[in-house]
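Asks: In case you want the letters, here they are:
There are 2 protein chains.
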Amino acid sequence: MKKTIIRKARKSDFEDIFKLIVELAHFEKLTPPSKTAKKRLFLDSFGAKRKNNILIAQIDNEITGYAFYFYTYSSFLARKTLYLEDIFISQKFRAKGIGKLMFKELINTAVKEKCGRMEWCVLDWNINAIYFYNKLGAKPLNDWIYYRKNLSPSPSPNGEGL
Amino acid sequence: MKKTIIRKARKSDFEDIFKLIVELAHFEKLTPPSKTAKKRLFLDSFGAKRKNNILIAQIDNEITGYAFYFYTYSSFLARKTLYLEDIFISQKFRAKGIGKLMFKELINTAVKEKCGRMEWCVLDWNINAIYFYNKLGAKPLNDWIYYRKNLSPSPSPNGEGL
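Chains as they are written, first to last, in this note's numbering: chain S, 599 to 760; chain D, 599 to 760.
To be clear, the hints were calculated from the coordinates, so they are not data collected in a lab. As the structure is a prediction and not an experimental result, all values here were calculated from the model. Just to be clear, a hint being listed does not mean it is correct.
You can't tell identical chains apart in this list, so a pair holds if it fits in one copy or across any two.
Unchecked claim - Below, a list of computed lysine-lysine pairs in the DSS-like style, where the Cα atoms sit at most 30 Å apart:
#: 1; residue 1: 606; residue 2: 636
#: 2; residue 1: 737; residue 2: 637
#: 3; residue 1: 617; residue 2: 636
#: 4; residue 1: 627; residue 2: 712
#: 5; residue 1: 678; residue 2: 633
#: 6; residue 1: 712; residue 2: 733
#: 7; residue 1: 636; residue 2: 698
One chain only, chain S, in its complex shape (with noise of 0.2 Å):
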């Protein structure tokens, strides 16, 4: 089998790391990123002002998986946490130990970064994708509910809802 690299990804990975945030979307069946939202991205992961981070997986010339991330905070730890917002292999490269290689430089990222825990959320029928975080040695938070707000695309001054 051909050699796996995991690597920071690069600008000029952009556009073949998005084919595949369009890929985890319809896998996910949500709404891929607009055309504007999809500028915004690239700056957002490569201007000056950078909020966020892209690991990628590559085989010979092609991106096969990339994982986003950021950091969070933990109050009680006093630690960051590393927060996985995506991570997704390609379709025709599952099973492959892909995930897996991720992962590690992943973990090793975390611990360089003195992060307390890293955090990931999953769809409850991403059956393959639990097995695998259970297999990491990864707890889900089962006594925690997630809420969210949609604050877009036009809430009001005052606090829509409010």
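Based on these hints, arrange chain D on the given structure of chain S.
Replies: Frame of chain S; chain D shown alone:
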């Protein structure tokens, strides 16, 4: 009723905020920050490399509540999210509208920062909080499972569990 002031926390508020953090940990039946964590928390909240933001509620000279937040990011929206790590009102100041005032300020901040969303987690037995969040127009993400991998105190450099 005396007027509640909502404002950004100052360094001199830290001891009072820390008491509330410990009160929250006891309320959630979780481990409060250790002595060394307390020091890191001060530096990470008020030092030169600030990682998070603290908002407080004050009545006269008493700090009655705090909100601890930072920004995460949605790759699909390509927008920042205001993530609320903690929001807590001291037991004796509950049901006075303080939480509502804090949320109003947090939503205004999120809108000003062009966030697409606000997100937070709640313990599934905390029905008062859940009732309050539902009234705000927030929604539970019931089909997502939150996963955590603990990295402390001393994970293997090769990626524990891999």
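Asks: Against each hint, give a clear statement of whether it holds in the structure.
Replies: These are the hints, each one checked on the structure:
1. 606 to 636: For residue 606 and residue 636, the Cα distance is within 30 Å only inside one copy (19 Å; across copies 33 Å).
2. 737 to 637: between (35 Å within a copy, 28 Å between copies)
3. 617 to 636: So residue 617 and residue 636 pass the 30 Å test inside one copy only (11 Å; across, 43 Å).
4. 627 to 712: between (35 Å within a copy, 25 Å between copies)
5. 678 to 633: between (32 Å within a copy, 17 Å between copies)
6. 712 to 733: This pair counts as within: shortest intra-copy Cα distance 23 Å, inter-copy 38 Å.
7. 636 to 698: within (28 Å within a copy, 35 Å between copies)
Consistency with the previously given hints is maintained throughout, with no hint failing.
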